[in-house]
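S.K.: One-letter residues, chain by chain:
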Amino acid sequence: MSLLKLLLVRLDDLQRRVSVRLTLSALVTVAVIAYFGAAWLKSSEIRRDGMAIATLLKEANLTKRDEVAVQFAEKGTVTVGARTFGNDKLAGFARALYEADGRLANPGAAARLVLEDRIPRWVPTFVLADDLTLALLGTVILGLLLLAIWVGLVVPMVFVTIGTGVLCAFLWWIGSTSWLVAVASIATLLFSFVLLVRGTSLALGRATPIFAIASTVLREAMRLKIATFFVGVLLIAIPVLPLWISRSEPLRYQIQAFIARSMGLLFLLAACMTVFLACATVAFEIRDKQIWQLMTKPVARVQYLLGKWLGVVALNLILVLLGGVAIFTYVQYMQTRPAKDQYDQMAVHEEILVARAGRFPTYRKLSGDEAREIVQKRIDSDPLLKADIENGERGELDVIRDLARQVHQEFLAAQRSIGAGEFRDYVFEDLLPAKRMNAALTLRYAFDIGRIDPHEVHSAIFRFADGSYIQRDFVPAQAHVLTLPAQLIDENGRLEVSIINGTPGNDANGNPTVIPGIGVMLFKPDAFEVLYRVDTFEWNFIRALAVQFMKLAFLSMFGVCAATVLSFPVACVLSFTVLSIGSLAPFLGMSLDEYRIKSDAPALWQAFQFVIKTVATGAEWMLRAFGEVRPTALLVEGRVIGWPDLLRTFVIIGAVWTGGAFVLGYVVFRRKELATYSGNT
Amino acid sequence: MATGMATARQSLAFDADKVVQAVGLTKVFSDFWLRAKARAVDGIDFEINRGEVFGLLGPNGSGKSTTIKMLLGLLHKTKGTLLVFGRDPSDVAVKKRIGYLPEESYMYRFLNPQETLDYYAKLFGLGRAERQRRIGELLEMVGLHQVRNRAVGEFSKGMTRRLGLAQALINDPEFLILDEPTSGLDPVGARQVKDLLLELGRRGKTILLSSHMLDEVEDVCDRMVVLYGGKIRAEGTAEALLTDASRTVITMPRIGAATVARIDQMLHDTEGVGIDSVEAPRERLEDFFMDLVEKARQEQIATSGALHGGRTAAFLVDPETPRDGEGLVDDLVRERMEPAARAVEISANAKKVQDAARRDDVLQDLLQDKPRPEAKATTAKPEVAKPRDVDASVIEGLLGPTGTGSTGTSGPGDGGSATDPKHKGDGGRRS
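Residue numbers (the working numbering), protein chains in the order written: chain A, 1 to 681; chain B, 1001 to 1431.
Bear in mind the hints are in silico, worked out from the structure with no lab data behind them. Remember, it's a predicted structure, so these values are computed and weren't measured experimentally. Any given hint could be a false lead.
Unchecked claim - Calculated cross-link-like contacts (lysine to aspartate or glutamate; reagent style EDC-like; alpha-carbon spacing at most 16 Å):
1) Lys598(A) to Glu396(A)
2) Lys289(A) to Asp1031(B)
3) Lys1077(B) to Asp1042(B)
4) Lys289(A) to Glu1271(B)
5) Lys1077(B) to Glu673(A)
6) Lys613(A) to Asp593(A)
7) Lys289(A) to Glu1103(B)
8) Lys672(A) to Asp1091(B)
9) Lys1231(B) to Asp1042(B)
10) Lys672(A) to Asp1031(B)
11) Lys89(A) to Glu74(A)
12) Lys89(A) to Asp341(A)
Could you build all of it, start to finish, from the sequences and the hints given here?
M.R.: Here's what the structure looks like:
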């Protein structure tokens, strides 16, 4: 035996001793607690100071020349007790944060800016951002280290650390810090994956059929490379993704792009792995007849299905957890990148890394009688249309249905258009939660002016119920945001906003007036809304992962059950079809709304259309819930994935669909003859 | 056969002494359109008694595998009644008591033997310590202990087969179903499997053996059925089915031509028959091969594959069985078979010399043409197991006053013939 091998064997023996494991565990625990404990103390101090600063700034008014406001606007500093925070580099920007009435729209954001230079260098910034992040990261690191110690992977961990350290040292030496972070992350993720799989195998080590089958599925996934390809791609891609996101873009776009791509990749690769593994582990076992030996043991068929499902779901859980921790950590890390400006920095915290609820204005709808009256008038006033109906060229019902839809759309669209120099009032309701939390509101708008030119800038005036108004320039078809104080919400939870299509100016006599815009201002139904913070990004992220996990759990069950009766390729195709239709269900629903069976078409064609529509409608109805909650899109937009959404997903996808697939699969599988005819025909 | 089955056909009440009860068992395979494609098993009736080694014979396509698959719940019967331990074969509780070795060992290629046996042991709910103990003993027994951490995908067919045998025994089953158990094994391995089956049979295990190797079925089984076209064509013990009561074979040490002539004359004078042929018996190729391998093993020539197995796993051994029986089996496994001089195999070493002396006496008497007193025949009757391949009735007939009587009658369906089915020699055969 070579010297190296001998050394490895000795070290392996050493690490298996209980006393060594206990000692290492104690050392690691003390080290992690010391580091993260110190970080928590620092974080608490910064947060305490931040709250004190925000309170001071909130009460100070620049127009009234309050001392605190003046100091902040002119010197960029704030004094709390005997301590002064901030520096003169903030002076110019600090003044710009004040509104016309002398108030700060967002005292919290201002406090964060002031405290930026107090953040210590020995701990990553993102770790200090939130107690939850701190606790989570500390727990994860401690958990992984302890797991490595107790499953006997200390020696490999040390060697991997040394190897990665050498490579990272080289990358640091050549000045490639981005790649240094990526390489270190890849090594950490891959080793963590091995650790978690080993730990999960131990957890599934009970001598019961379900756990034994699940544990074997894990082994199969790792050794037959079915899963390792997708896992490897995922755990390498996540750390490398930020390198492909241009740093010239605003930071908020960089972070949005990373969240969108990484979450999308996580779900896509995990879904592919799930389908292939779930189908393969059953279909190949039936094809290669290992199931003959297995089912002659005391294993009930229901236990077989559950065991296979549990094994695939266990792997999904590992992937989602690991991928989720990696994405979250990287998001926090990317916050340390330089922002384009302070607005960009604020937008990251106020619009992206946040969980917001949105409200659209309340629009009036046409009543049935009003709609009927308008439709009839149009038919009566259009002789050609009347002639077509009378001649039978067009069905009267079709015409009425089309016209009614058109009339409703026009009525709504009319409420979303504002003539030049005119104004229209809008009311946002159900905003009491925002008022109670005193959360700053974000008014998001994207106006069209009849032509799209990125160089053109137009003007709109926003007037509020308290008489205050704000003038903002906008670029047509681009989204803009306006931060508003919660005080604008009245006691009934309503926010009233009037939009004036024009620019404030003076008339010939010098009196204040509105100079009309150059055209009619329009906006789409989802292009004007008010958003407010209801939760943190961290909890929102956890809910998003939970939704993804439940979708994967359903796919696992579907794949396992499909493979009990179908061959591997057919089961895969069917599973991917369900995944595709489910993911695209919202778009399918919109298409079906527009799809019409023409009553004047040939009967055969109508029958064909009817069949198509029925099948598509059925598929869309069944799988609608799969695509309705889109956690990635909501995360990217900083919108909340609410607990009701999560509960609904759990009930529909987690319980009903997964349970339904299981019941159907079991009913078919329990009567299936596992053996084949092997005689002469 | 017919009388026994008629009773079973009338009512199929659970009988605790019967492991398997089948009445009118039929399996018809249908195609996708539910048209009958093949009648694989056609109304067969059979029973397997507790503690019996039962053989299932038949050419390819006769319904053997289909019958076995129905016993295991892998196929559903089309008609008839089938009970295993008094329950439907698909009952999960029944499977706790069964061990199954299929015709081909369908192992997981990505697991090693340790993991494979651990997996199957977990399915039986065995605790960790018990699993480790049994796995160690089984791997030792089947000669795979040195490759316990090698993936099964790298195994030869024989090694996989051995592992298959080990997994069939992991739960110490009461009822063992073996489909071609020696398929893929070398002669040494095949002999060990036969010895194992004999020992398990002696321990009270019920064994269903399906095989094309007719000699191993003949050596091992208490009863057997022969299937053809899905129907039972014959059923009974080897003795009942194979004995040719019209002929007598006497085996003895080599004698000269003159002596042969005298014996021929004596037979002519006393029985009115002559000697049809005189041959020098040949050593069996199996025995020759076993000798050779044993010599090589003693010289400790290394082999990189499976090792030849060791002792039977301790957990399969019944601790209340007399020690000498176990030791005897082990001795027989290792014992070198000497050609020519030992034409009759006995089950007790202690009786070798005694029987040899008895043979000399018999021959002497034959040559002297004197009838032997009956008392001598009585004292000559061995207390331990008689050689099963020697028809004692002939000896006793020669020794008795009339020369025609036989103390034991053997016939079809008679499980208790002159030979005790529980005390078979190890692979003993007629020369």
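S.K.: Hint by hint, say whether it matches the structure.
M.R.: Tested hints:
Between lysine 598(A) and glutamate 396(A), the direct Cα distance comes to roughly 12 Å. Compliance with the 16 Å bound is thereby established for this hinted pair. The suggested pairing of lysine 289(A) with aspartate 1031(B) is violated, with an alpha-carbon distance near 20 Å, which exceeds 16 Å. The hinted pair formed by lysine 1077(B) and aspartate 1042(B) meets the criterion: a straight-line CA distance of about 11 Å does not exceed 16 Å. In summary, the hint linking lysine 289(A) to glutamate 1271(B) is not supported, as the alpha carbons are separated by about 60 Å, beyond the 16 Å threshold.
Pair hint lysine 1077(B) plus glutamate 673(A) holds up; C-alpha atoms about 10 Å apart against a cutoff of 16 Å. The straight-line distance between the Cα atoms of lysine 613(A) and aspartate 593(A) is roughly 10 Å, inside the 16 Å bound, and the hint therefore holds. Pair hint lysine 289(A) plus glutamate 1103(B) holds up; C-alpha atoms about 11 Å apart against a cutoff of 16 Å. At roughly 15 Å between alpha-carbon atoms, lysine 672(A) and aspartate 1091(B) fall within 16 Å of each other, so this suggested pair holds.
This hinted pair checks out: lysine 1231(B) and aspartate 1042(B) have alpha carbons roughly 6 Å apart, not beyond 16 Å. Our distance criterion of 16 Å between C-alpha atoms is met by lysine 672(A) and aspartate 1031(B), whose separation comes to about 14 Å. Only pairs whose Cα atoms come within 16 Å are accepted, and lysine 89(A) paired with glutamate 74(A) is accepted, the gap being roughly 10 Å. Annotation: proposed proximity of lysine 89(A) to aspartate 341(A) holds, straight-line Cα distance about 13 Å (limit 16 Å).
Hint compliance for this structure: hints 2, 4 are not met, and every other hint is.
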